[in-house]
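Novice: Top to bottom, those sequences are chains A and B. Residues in the first sequence are numbered from 1 upward in steps of one, following my numbering. Residues in the second sequence are numbered from 1 upward in steps of one, following my numbering.
These aren't lab readings, by the way, just hints derived from the structure by calculation. Check the hints yourself; a few may be wrong.
To be verified - With a straight-line cut-off of 25 Å between C-alpha atoms, the simulated DSS-like cross-links for lysine-lysine are:
1. B:LYS82 - B:LYS215
2. B:LYS5 - B:LYS97
3. A:LYS5 - B:LYS46
4. A:LYS48 - A:LYS5
5. B:LYS46 - A:LYS6
Values in this document were obtained by computation on a predicted structure and should not be read as measured data.
For reference, the chains in residue letters:
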Amino acid sequence: MASQKKILVIDDEPDVVSYLSTFLEDEGYLVVTAQDGPDGIAMAQTEKPDLITLDITMPGMSGIEVLTNLRRNSELEHIPVIVITGVTNFQNLTTFRGVRPPEAFMQKPMNLALLVEHLQDLLESSA
Amino acid sequence: MDEFKQQALSLLASQGELVGSITHDLKGLLSGVEGGIYLVNSGLKKENPERVENGIQMMQRSLDRIKRTVASSLYYVKDREKNWVEINARDIVFTVKKELQEQARHLGVNLEIKPGSISFEADEFAILSVVSNLVEYSIEACQIAKLKPSPTVTLTARGDEEHVLFEVFVDGFAMQDQTLNLTLATFYMPKGVDRSHLPLFVAHKILKNHRGTLKITSSTAKGSTHFIATLPKEKPDDIEADSLSQSEKMLANEWDGDAQ
C-alpha cells in the first residue's frame with residue numbers, strides 16, 4: 001500500500017490555510033502548514049513534503065523568493081510546486097531568476113476539481 | 001506635458017494600481033467564503049458540528065473583511081455619506097478583536113484589548129474601519145518586522161470629557177523617522193497611496209471627516225509604535241459630507257498638492 005503523501009501549504013491567510021488543509025486531508029493527504037516564506041522554507045527542509053502549495057503575495061518574503069530558494073536547494077529542488085494566488089497575470093511572471101517555474105498555477109478562488117487533477121498528475125508522476 | 005496633466009496621469013496610474021491590489025485582496029477573501037462553504041457542507045455530510053461552526057465563522061470573517069475592503073477603497077476614492085448613531089467604544093473593540101484574533105494568532109502576534117466603555121456619536125461602520133485598519137496594519141507590520149519573538153498589539157479604548165480615544169500600541173514594530181514622515185505625508189498627497197499605506201490613509205481620512213485626528217509615534221530603540229485615534233464624543237455642529245473625490249477636486253482646482 002502506497003504511503004500517505006505529504007503536502008506543505010504555504011499561505012499567510014489563516015482561512016485559506018484552514019480551507020486548503022481541511023480539503024487536502026479529506027482527500028487523504030497528510031498536511032503541514034506555514035504562514036510565511038521563511039517558515040515555509042524551514043518546514044520544507046524539516047518535513048520533506050511530496051508537494052508544496054505556495055501563495056505569491058505574502059508579507060516580507062514573496063512566493064517568488066520562496067520558490068527561488070527551494071529550487072536552489074539541492075535537497076528541495078525536486079519537490080513539485082503548485083502556486084495558488086490571487087495575482088491575475090501569473091502566467092506572465094517571468095522573474096523566476098533562472099530557476100524552474102512552478103509545475104502548476106491556480107487562481108484564487110480555487111477550482112477544487114482542477115486542484116485534485118494537478119495533485120494526481122504531479123504526485124503520481126513523482127511516485 | 002503641463003503639470004496638471006502630469007498630476008492627473010500620475011493619480012490615475014496610482015489609482016489603477018491600487019484597484020489592482022484591492023482586487024487581489026478580494027480574491028483571497030472570496031477564498032475564505034468558499035472555504036467556509038466547503039467546511040459547512042463537508043461538516044454536515046460528516047456530521048461534524050465543530051467543522052460546520054468553523055465554516056460559518058470563516059464565512060462571517062471573510063464577509064466582514066470584504067465589506068471593509070470595499071469600504072476602504074470607496075473611502076479612498078470618495079467620502080461615504082455618514083450615518084451618525086450613538087455607539088460604545090467597548091463594542092468597537094470587541095468586534096475588532098473578534099474579527100482579527102484568528103489572523104493575529106496565525107501570524108504569531110498577541111492581540112490584547114482594554115475595552116473602556118465610552119459612548120459617543122459617529123458613523124459606526126466608519127469607526128470600525130478606522131480601528132480595524134490600525135490593528136490589522138499593526139499585526140502585519142509585526143509579522144514582517146520580526147523584531148521580537150512574541151510581538152503584541154494592544155487595543156485600548158478610553159475617553160475624557162469631550163473625546164474618545166482608540167489607542168493601538170504595537171510592541172514589535174517601529175518606523176524609522178524617514179518612514180514615519182513619509183507615512184504622514186501620504187495623508188495629504190494627491191498622487192494616491194500604495195496598498196501598504198491605504199489602511200492608514202483611510203483611517204486618517206475617516207477621522208478627519210469626524211473632526212478627529214490620528215497621531216503616530218514610533219521608537220526604533222524600543223521597537224514599538226503608538227497610534228492614537230482621537231475623535232469628539234459629540235457630532236460637531238458644522239460637519240458636512242464632503243462629496244468630491246480627489247479627481248473632482250483636481251479638476252475644480254481645489255486640491256492643494258503640497259505635502260504638509
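Novice: Now tell me if each hint is right for this structure.
Specialist: So, going through the hints one by one against the coordinates:
1. B:LYS82 - B:LYS215: 23 Å, holds
2. B:LYS5 - B:LYS97: Measuring from Cα to Cα gives roughly 44 Å; hence the hint is violated.
3. A:LYS5 - B:LYS46: 23 Å, holds
4. A:LYS48 - A:LYS5: OK: A:LYS48 and A:LYS5 at ~11 Å, within 25 Å.
5. B:LYS46 - A:LYS6: Distance of about 23 Å is within 25 Å: holds.
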